[in-house]
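Asker: If you want the building blocks of each chain, they are given just below.
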Amino acid sequence: MTTPNSYRTGPDEKGLFGIYGGRFVAETLMPLILQLEQAYKDAKADPSFQAELDDFLEHYVGRPSPLYFAERMTEHLGGAKIYFKRDELNHTGAHKINNVMGQILLARRMGKKRIIAETGAGQHGVATATACARFGLECIIYMGEVDIARQMPNVFRMKLLGATVVPAKSGSRTLKDALNEALRDWVANVEDTFYCIGTVAGPHPYPEMVRDFQSVIGKETREQMMKREGRLPDSLVAAIGGGSNAMGLFHPFLDDKDVKIIGVEAAGHGLKKKHAASITGGRPGILHGNRTYLLMDDDGQITEGHSISAGLDYPGIGPEHAWLHDMKRVEYVSATDKEALEAFQLCCKLEGIIPALEPSHALAHVMKIAPKLPKEHLMVMNMCGRGDKDIFTVADILGVKL
Amino acid sequence: MSTRIDQRFAALKQEGRAALVTFITAGDPDYETSLKIIQGLPKAGADIIEFGMPFTDPMADGPAIQAGGLRALASGQNMKKTLKLVKAFRAGDKETPVVLMGYYNPIYVYGVDKFLIDAKKVGADGLIIVDLPPEEDDELCLPAMAAGLNFIRLATPTTDDQRAPAVFKNTSGFVYYVSVLGITGTKAPDLKSVKANVNRLRKHTSLPISVGFGVKSAEQARTIAKDADGVVVGSALVSAIANSLDKKGKATAKTPKAVHTLVAEIAKGVRS
Chain A
1 MTTPNSYRTG PDEKGLFGIY GGRFVAETLM PLILQLEQAY KDAKADPSFQ AELDDFLEHY
61 VGRPSPLYFA ERMTEHLGGA KIYFKRDELN HTGAHKINNV MGQILLARRM GKKRIIAETG
121 AGQHGVATAT ACARFGLECI IYMGEVDIAR QMPNVFRMKL LGATVVPAKS GSRTLKDALN
181 EALRDWVANV EDTFYCIGTV AGPHPYPEMV RDFQSVIGKE TREQMMKREG RLPDSLVAAI
241 GGGSNAMGLF HPFLDDKDVK IIGVEAAGHG LKKKHAASIT GGRPGILHGN RTYLLMDDDG
301 QITEGHSISA GLDYPGIGPE HAWLHDMKRV EYVSATDKEA LEAFQLCCKL EGIIPALEPS
361 HALAHVMKIA PKLPKEHLMV MNMCGRGDKD IFTVADILGV KL
Chain B
403 MSTRIDQRFA ALKQEGRAAL VTFITAGDPD YETSLKIIQG LPKAGADIIE FGMPFTDPMA
463 DGPAIQAGGL RALASGQNMK KTLKLVKAFR AGDKETPVVL MGYYNPIYVY GVDKFLIDAK
523 KVGADGLIIV DLPPEEDDEL CLPAMAAGLN FIRLATPTTD DQRAPAVFKN TSGFVYYVSV
583 LGITGTKAPD LKSVKANVNR LRKHTSLPIS VGFGVKSAEQ ARTIAKDADG VVVGSALVSA
643 IANSLDKKGK ATAKTPKAVH TLVAEIAKGV RS
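These protein sequence lines are chains A and B, in that order. Per the numbering used here, the first sequence starts with residue 1, numbered consecutively. Per the numbering used here, the second sequence starts with residue 403, numbered consecutively.
One or more of the hints may lead you astray.
Claimed, not checked - Lysine-lysine pairs mimicking DSS-like chemistry, simulated, CA-CA at most 30 Å apart:
no.: 1; chain 1: B; residue 1: Lys482; chain 2: B; residue 2: Lys656
no.: 2; chain 1: A; residue 1: Lys274; chain 2: B; residue 2: Lys650
no.: 3; chain 1: B; residue 1: Lys649; chain 2: B; residue 2: Lys438
no.: 4; chain 1: B; residue 1: Lys605; chain 2: A; residue 2: Lys14
no.: 5; chain 1: B; residue 1: Lys483; chain 2: B; residue 2: Lys618
no.: 6; chain 1: B; residue 1: Lys483; chain 2: A; residue 2: Lys169
no.: 7; chain 1: B; residue 1: Lys597; chain 2: A; residue 2: Lys112
no.: 8; chain 1: A; residue 1: Lys273; chain 2: B; residue 2: Lys482
no.: 9; chain 1: B; residue 1: Lys516; chain 2: B; residue 2: Lys482
no.: 10; chain 1: A; residue 1: Lys273; chain 2: B; residue 2: Lys483
no.: 11; chain 1: B; residue 1: Lys482; chain 2: A; residue 2: Lys274
no.: 12; chain 1: B; residue 1: Lys650; chain 2: A; residue 2: Lys169
no.: 13; chain 1: B; residue 1: Lys489; chain 2: B; residue 2: Lys516
no.: 14; chain 1: A; residue 1: Lys44; chain 2: A; residue 2: Lys112
no.: 15; chain 1: A; residue 1: Lys227; chain 2: A; residue 2: Lys372
no.: 16; chain 1: B; residue 1: Lys656; chain 2: A; residue 2: Lys169
no.: 17; chain 1: B; residue 1: Lys652; chain 2: A; residue 2: Lys169
no.: 18; chain 1: A; residue 1: Lys112; chain 2: B; residue 2: Lys589
no.: 19; chain 1: B; residue 1: Lys589; chain 2: A; residue 2: Lys159
no.: 20; chain 1: A; residue 1: Lys272; chain 2: A; residue 2: Lys338
no.: 21; chain 1: A; residue 1: Lys169; chain 2: B; residue 2: Lys482
no.: 22; chain 1: A; residue 1: Lys272; chain 2: B; residue 2: Lys482
no.: 23; chain 1: A; residue 1: Lys349; chain 2: A; residue 2: Lys368
no.: 24; chain 1: A; residue 1: Lys227; chain 2: A; residue 2: Lys368
no.: 25; chain 1: B; residue 1: Lys589; chain 2: A; residue 2: Lys113
no.: 26; chain 1: B; residue 1: Lys523; chain 2: B; residue 2: Lys438
no.: 27; chain 1: A; residue 1: Lys41; chain 2: A; residue 2: Lys219
no.: 28; chain 1: A; residue 1: Lys272; chain 2: B; residue 2: Lys483
no.: 29; chain 1: B; residue 1: Lys618; chain 2: B; residue 2: Lys489
no.: 30; chain 1: A; residue 1: Lys14; chain 2: B; residue 2: Lys516
no.: 31; chain 1: A; residue 1: Lys41; chain 2: B; residue 2: Lys571
no.: 32; chain 1: B; residue 1: Lys659; chain 2: B; residue 2: Lys618
no.: 33; chain 1: B; residue 1: Lys594; chain 2: A; residue 2: Lys113
no.: 34; chain 1: B; residue 1: Lys618; chain 2: A; residue 2: Lys169
no.: 35; chain 1: A; residue 1: Lys112; chain 2: B; residue 2: Lys594
no.: 36; chain 1: A; residue 1: Lys169; chain 2: B; residue 2: Lys589
no.: 37; chain 1: B; residue 1: Lys628; chain 2: B; residue 2: Lys496
no.: 38; chain 1: A; residue 1: Lys274; chain 2: B; residue 2: Lys483
no.: 39; chain 1: B; residue 1: Lys571; chain 2: A; residue 2: Lys14
no.: 40; chain 1: A; residue 1: Lys169; chain 2: B; residue 2: Lys649
Simulated from the structure, these hints should not be mistaken for lab results.
Based on the sequences and whatever the hints tell you, model everything.
Answerer: Here it is, written out as structure tokens:
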């Protein structure tokens, strides 16, 4: 495989990153997807759109998020100098809001009054419900029945914000099924509905659009690191379910050859048991509008992923990640439930930060590699969400009754 | 090149009536019962048979067909067995057209070239793949045409006059007009808008147009058959299977009969 001049030019006009991506949707949705693609192109070219978004990101979301030197974690691990990109400090507690603000402003531009979204851990659902409340839009969130049970606080948050939470009762009753239900809703309500996808997956132009909105993470990180250390970081580490926080951090650095980039998938109970590591344990297939790495059986039936983290429990991954894996530009590794839980607890004690279980996977990998690296190695880990939503899950596993 | 589908529509045109197209998920509720159901469909009045290829994540299907697919998968159905089912049907019926309907992933994983060779070999005549719009024609549509299989496209209420030429460009066999905005088997079609849309689409294609999604009764079928060249019934038949099962979800002696009785009733509507 030849090395491209730039890793940042995709997708092509068919929405492809190499062989990944595309527009594998029912005909009913195709005209809407083309309309969305055009609307996004127009918005991207309109400085007033970006200005409006920047204003909301600054005053409503609270950007830029800090780039924080995790001093005690660094000392404890005794190697690389570790920074956390603090996207858990955003309004609503995760990176999800970056993308939601962009999409909701776009929906307003397109005159759409009804917003639908899928959610796994509930962070994207909360972010969407938040933005809909802010702009007075109707909001319907699809969430797997299993996820509703393990993320009750977020379900209640969404309801407080005025959203309707609809349980996805089909299939494995988790994130992938919530996506199916949202797509079914969209097919039935094409006239007035905007589908606000929460990750860098789905039919083109979603992977590109969500990446662009999340790239604010990486852009800020570049500037902040230059300011603090006078140079770019040596490595980036981020957790991956669908992969939006990771793509947001990675994308602005893809052409900086000396920056090592690592995505951490959820290995659940272990890669030989139940897990949600689509790249490490899956192969290419077609689901939810795009071709990408998927967890499936020999007959092409999608299998149920497992992760302690509802946000990583998805049997696929964004198509651009699939391509970056094949091109060997990004290294994809995995961390188990157990490793993530250890990282979660260590972070609470050493840094006074309760991380979400999603970035705890990234931190688990940092704990594996940082001790072996020299002290001048600058490592950035994306602290993409806070862990308040996860305390019930963690308490349950630790045998604590709340 | 003329396929069984082309021949069947031509013959029905001579008879002056519309086709009844029936959808059954292959392997629902199990392989043997499914074969019995399908073998009895032509006699009950089906003119064309769609074999649903079950998939775990059928994004365009409503609860009835979702459940049918999961029943089939739970009983061990897979692509090999679906092709075997077509072969078994074809052994006793050389004329009724068979269309394989489903989603792309199981075909992609089976291997596109191998799938087309095997589908042709067992006696399938056409494909309907829900998640392959014309923008993705290189994937399967063009190879299928080259292999001598019809690629039947869905046209929907959102397929406007501007988009219609792209949708029909590589379509053959017939056009499947989706009569509602939504998923299978949930809403009843608005018969007036169906008529208007079928007539609108005729300006763009000379292919026969069959209408489906939400057709449940002989009366609806009768009305649609006045304007369309075919009526597709799916969810209602899959629900008939569901309603005939025992408490454990297994087939009973009544299962094939339940489907055949409903098909016969709707066939009367189509033929009246």
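Asker: Against this structure, judge whether each hint is valid.
Answerer: Hint check results:
no. : hint                : verdict
1   : B:Lys482 / B:Lys656 : 27 Å, holds
2   : A:Lys274 / B:Lys650 : 28 Å, holds
3   : B:Lys649 / B:Lys438 : 21 Å, holds
4   : B:Lys605 / A:Lys14  : 29 Å, holds
5   : B:Lys483 / B:Lys618 : 28 Å, holds
6   : B:Lys483 / A:Lys169 : 28 Å, holds
7   : B:Lys597 / A:Lys112 : 29 Å, holds
8   : A:Lys273 / B:Lys482 : 27 Å, holds
9   : B:Lys516 / B:Lys482 : 11 Å, holds
10  : A:Lys273 / B:Lys483 : 28 Å, holds
11  : B:Lys482 / A:Lys274 : 26 Å, holds
12  : B:Lys650 / A:Lys169 : 20 Å, holds
13  : B:Lys489 / B:Lys516 : 16 Å, holds
14  : A:Lys44 / A:Lys112  : 18 Å, holds
15  : A:Lys227 / A:Lys372 : 26 Å, holds
16  : B:Lys656 / A:Lys169 : 29 Å, holds
17  : B:Lys652 / A:Lys169 : 22 Å, holds
18  : A:Lys112 / B:Lys589 : 23 Å, holds
19  : B:Lys589 / A:Lys159 : 28 Å, holds
20  : A:Lys272 / A:Lys338 : 15 Å, holds
21  : A:Lys169 / B:Lys482 : 29 Å, holds
22  : A:Lys272 / B:Lys482 : 27 Å, holds
23  : A:Lys349 / A:Lys368 : 18 Å, holds
24  : A:Lys227 / A:Lys368 : 28 Å, holds
25  : B:Lys589 / A:Lys113 : 23 Å, holds
26  : B:Lys523 / B:Lys438 : 21 Å, holds
27  : A:Lys41 / A:Lys219  : 21 Å, holds
28  : A:Lys272 / B:Lys483 : 28 Å, holds
29  : B:Lys618 / B:Lys489 : 29 Å, holds
30  : A:Lys14 / B:Lys516  : 26 Å, holds
31  : A:Lys41 / B:Lys571  : 27 Å, holds
32  : B:Lys659 / B:Lys618 : 17 Å, holds
33  : B:Lys594 / A:Lys113 : 28 Å, holds
34  : B:Lys618 / A:Lys169 : 24 Å, holds
35  : A:Lys112 / B:Lys594 : 27 Å, holds
36  : A:Lys169 / B:Lys589 : 19 Å, holds
37  : B:Lys628 / B:Lys496 : 28 Å, holds
38  : A:Lys274 / B:Lys483 : 27 Å, holds
39  : B:Lys571 / A:Lys14  : 18 Å, holds
40  : A:Lys169 / B:Lys649 : 20 Å, holds
Against the hints set out earlier in the document, no violation occurs for any number.
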